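Novice: If you want the building blocks of each chain, they are given just below.
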Amino acid sequence: MKSGDWVGTALRSLAEHDREREAPEEVEPRLVAAFRRRRARWKTKTVVLATLGVAAAITLFLARPQPKPKQVVPMPVREQPIAVAAAPAPMPMPVQEVTPQARQVKRQPREVVTQFFPLLDVAPPFERGELLRVTVPASTMRSVGLPVNEDHLTDRVYADVLVGQEGLARAIRFVSYEQ
Amino acid sequence: MILTDAALLEQALRGAEDAFTALYRRRQGGVYRFALQMTGSTAIAEDVTQEAFLALLLHGTRYDEARGTVASFLYGIARNLVMRRLDRRPGADVEITEECAGPEDLLEDLTRRESIEQVRQAVLSLPPVFREVIVLCDLQDSSYEDAAAALNCPVGTVRSRLSRGRAMLARKLRGVAMV
Chain A
1 MKSGDWVGTA LRSLAEHDRE REAPEEVEPR LVAAFRRRRA RWKTKTVVLA
51 TLGVAAAITL FLARPQPKPK QVVPMPVREQ PIAVAAAPAP MPMPVQEVTP
101 QARQVKRQPR EVVTQFFPLL DVAPPFERGE LLRVTVPAST MRSVGLPVNE
151 DHLTDRVYAD VLVGQEGLAR AIRFVSYEQ
Chain B
1 MILTDAALLE QALRGAEDAF TALYRRRQGG VYRFALQMTG STAIAEDVTQ
51 EAFLALLLHG TRYDEARGTV ASFLYGIARN LVMRRLDRRP GADVEITEEC
101 AGPEDLLEDL TRRESIEQVR QAVLSLPPVF REVIVLCDLQ DSSYEDAAAA
151 LNCPVGTVRS RLSRGRAMLA RKLRGVAMV
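Chains as they are written, first to last, in our numbering: chain A, 1 to 179; chain B, 1 to 179.
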């Protein structure tokens, strides 16, 4: 008999011998208990964060800044005065030169963001979602492990909340502005 | 209706305890036997089985049906856990020291428990990279494709390791017979 044959036979015998072997019965209840703990944590966290996210989104929507009036770039005064009949000669007006610096739009503060912090331990598959800019209490930063001064826990900070297609808040990142 | 492993996993990740339990009952035996045949320790096999299913809850969203079956995904997790245990106890692999029957006699004696245990010890004495393909393909009846997915290597590598592993096994069993 070829060596491969008897090795195969030997392995099949071992496989057959072990076929009925299974994990001890006590493993299943331990796993189910762990599953329930995770699910409970996941549910609580999801509800709290979804509520927080929605509340923050509503707050942001209500407190959104009104559209600013359009900036008017000063036009140079025409050098040729308009002649008006029977009117006194107009006083010469100084011509206002527009410098390139004046044309520059005022620099916007630079946005600095943190990494995204996952909000769900076990998240359903992500298909699509939206990023919502919200304001949250600074204490929220603590919940993801970021340091916050005790005096500023109630301060409002900007955050981006990633909301999945099912409406669950999946991740959050914090935003600050630098001049 | 019998749900596929992938469907059970998806439901379990959404919080369905029944689905998680069903998936565990369906797959725990294979994971337990894989760990047992890789380590020769029932205690480690029990731990690995429990940890593998916990890891499935944590990282199950990473499962990609296009890359393999849930079973191979689970074997992949279990394999990593087993390798970590083996690293922690270098040199703990069992060496064959007992005399056993020659190939021809071995076939006749395979029904005996001692012979089966000798084959087990021979498998345990293989280097882990050869042992894992023998365990998956010869003892767990995994396809080459599933084994490749579990071991995160090409199918060709599985084939060549399997061939070399069987040859080593034949030599070990024959060598023992000559002691």
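The set of hints was computed from the structure by calculation and includes no laboratory data. As the structure is a computational prediction, the values presented were derived from the model and not from experiment. Among the hints, erroneous ones may be present.
[Said to hold, decoys possible] Chain B side only, calculated, beta carbon under 10 Å to chain A, not exhaustive:
# : residue
1 : 46
2 : 87
3 : 115
4 : 120
5 : 123
6 : 169
We treat Cβ as the ideally placed atom computed from N, Cα and C, and that holds for glycine.
Novice: Indicate, hint by hint, whether the structure satisfies it.
Specialist: Hint-by-hint comparison with the structure:
Taking 10 Å as the C-beta contact cut-off toward chain A, the hint placing residue 46 of chain B at the interface holds, the least distance being around 6 Å. Residue-level restraint check for residue 87 of chain B is violated (minimum Cβ-Cβ distance to chain A is 23 Å; threshold 10 Å). A hinted interface residue such as residue 115 of chain B counts as satisfied when its beta carbon comes closer than 10 Å to some beta carbon of chain A; here the least separation is about 8 Å, so the hint holds. For the restraint placing residue 120 of chain B at the interface with chain A, the shortest Cβ-Cβ distance is roughly 6 Å, inside the 10 Å limit, so the hint holds.
With its C-beta approaching chain A no nearer than about 7 Å, residue 123 of chain B sits inside the 10 Å limit, and its interface hint holds. Given hint, residue 169 of chain B at the interface with chain A, holds; its Cβ is 5 Å from that chain's nearest Cβ, closer than 10 Å.
The structure fails to meet hint 2 from the earlier list, while all remaining hints are met.
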